[in-house]
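When you line the sequence shown up against my numbering, it's residues 31 to 524, in that order.
These are calculated hints, taken from the structure and not from any lab test. Among the hints, a few may not be true.
The following label-pair restraints were derived from C-beta to C-beta distances [what the hints assert, rightly or not]:
| # | residue 1 | residue 2 | range |
| --- | --- | --- | --- |
| 1 | 272 | 109 | 19 to 27 Å |
| 2 | 269 | 295 | 22 to 30 Å |
| 3 | 59 | 329 | 28 to 36 Å |
For lysine-lysine, the following DSSO-like pairs were computed, each having C-alpha atoms within a straight-line distance of at most 30 Å [as the list claims (entries may be wrong)]:
| # | residue 1 | residue 2 |
| --- | --- | --- |
| 4 | 375 | 100 |
| 5 | 262 | 246 |
| 6 | 246 | 265 |
| 7 | 388 | 375 |
| 8 | 166 | 72 |
| 9 | 265 | 100 |
Positions of the beta carbon are idealized from the N, C-alpha and C atoms, including for glycine.
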Amino acid sequence: MPEANSMYDYIVIGAGSAGSIVASKLAASDSNAQILLIEAGKLLLNPKMYNPSDWFEVLQQHPEIDWGYKSVPQTNLNNRVIMLPQAKALGGCALHNAMVYVRGGRSDFDAWGKVAPGWSWNDVLPHFESVEQIIKVLMAETDNFNFINDLFAAAKQYGLPENHNYNTSESQYGYAPFQFNNIRALSKLFRETTFNTFLPAVHANVTVLAEALVTKIRFNDTKTIGVEYVQKNEKYFAGVRHEVVLSAGAIASPKILMLSGIGDETELAKFDIPVVVNVPEVGKNLHDDLFVSAGFSIPEDKDVPVYSYSLAPAVIFGSTENSSSVVDIECSVGVGTLKGFPGPKNSFWLWPNVMHLKSKGTITLGSSSPDQAPVVDPKYLTVPGDLQSCITALQLGIDIGNQSSLGQWREKQIAPEPGTDFESYIRETANTTQHYCGTCRMGIDQSSVVDTELKVRGVSGLRVIDASVFPLPITANTAAATMMIADKGGDILT
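Hey, can you work out the whole structure from these sequences and the hints?
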């Protein structure tokens, strides 16, 4: 096997939202340290990729930026196979996500701190703030959008309070302008990623290797010594002096660990993979949120708004328990003019994302081949209470959409049509929010995959730093918390 160009002090696998930050912090902390940042995807130059309003269209029309993951048939979603988007490019999921920035609630991270000391709200807040100094989180402008003003009035009619800044208030509960991240601040019309914001050319000690698929992390007994990868059909090995950081995401990180011999020994034995260390929890504890859809047609004579952002600039945080202390619904908003949107063009939609679902899924290997996608089974709605949570969230979206304040925008309710059985509708239409996390769970218990310093149990010189380490789900999109973990993880490393 050909060797890479010399040894590296650190190797970071994955140049997405987490890996780019980790590589940047390592490079800045020691200008003499040589860092290899290795990414399976490529650098994308198509300008449509960087226009926030093209988000949905890009996701639909450019399969080359996605891994193409999909679930096994989901019994509780009418045996549907759910497509599971995951970016494959320098910059990672910031290239095709909705760009919204939600930290999560104080109570979310205080719950983390109970199972992973050092990760409570007060511990993680400085790292959110550190990230925000670079990515320039922007409050969406809503003053000139009549539709959004009427939507906020409808949320108020429903009984929700105004919560102007959900990221800094005591509770997320209420309606607010969305906050967007990774937008070039001067124009607000250019999508940025952590790759091009955290890794400017001045980091001469970072080698970026694109279109290189990591196939295995190599060990000497239980000491990490490097990674094997394939580039242009050639196999290579890159050695490491200090540590390998795995930042490939909640689907690929457990896959790489298992291919490397770290996982449930009974699963590894199925594919004759030599066991380095038996860690049964690798690939377990998969959490994902579901969203449901409430749609309304808009009269043909109305001037339907077109936004420069990836979604309509509004969010509504609600509760399945109708309580400001239990916030588990994040309702985003869209209109039919969003490019690539499959629904009627003159329509508006409320999409309640149901957070904190109890069902947990798994990621396992389908073979010992690195080229084969893992077997992903989110096990949606396997815990009975999750269905009721989705029904409650759907009702919230319908009720807000039917308030009188939205009367001038609402012709009729089109989804679900009045009289539709909610359970049947949810089983047929609920879909992933792409908030995968938890598959390399962090904790102080010995069954956790990584400890509170993000070290993989049972081996030395290997950490996982990405959304897979979430010990518990949060009331938020995963992007902000993933960047926070990378910032904190980078500090731990240095």
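Are the Cα atoms of residue 265 and residue 100 separated by 30 Å or less? Holds - the C-alpha atoms of residue 100 and residue 265 are around 27 Å apart, at most 30 Å.
Check the following: the C-beta atoms of residue 272 and residue 109 are separated by a distance inside 19 to 27 Å. violated, 47 Å
State, for the Cβ atoms of residue 269 and residue 295, whether the hinted interval 22 to 30 Å holds or is violated. Roughly 27 Å apart at Cβ, these two residues keep to the hinted range, so it holds.
Distance restraint hint 28 to 36 Å, applied to the beta-carbon atoms of residue 59 and residue 329: violated, 58 Å
Given hint residue 265 paired with residue 246 - CA-CA distance at most 30 Å: holds, 11 Å
Does residue 375 lie within 30 Å of residue 388 when you go C-alpha to C-alpha? violated, 35 Å
Please work out if residue 166 and residue 72 have their alpha carbons no farther apart than 30 Å. holds, 25 Å
Please verify whether residue 375 and residue 100 have alpha carbons no more than 30 Å apart. holds, 28 Å
Just to be careful, I want the Cα atoms of residue 262 and residue 246 compared with a cutoff of 30 Å; is the pair within it? holds, 17 Å
Figure legend: structure checked against the earlier numbered hints; hints not met, in rising order: 1, 3, 7.
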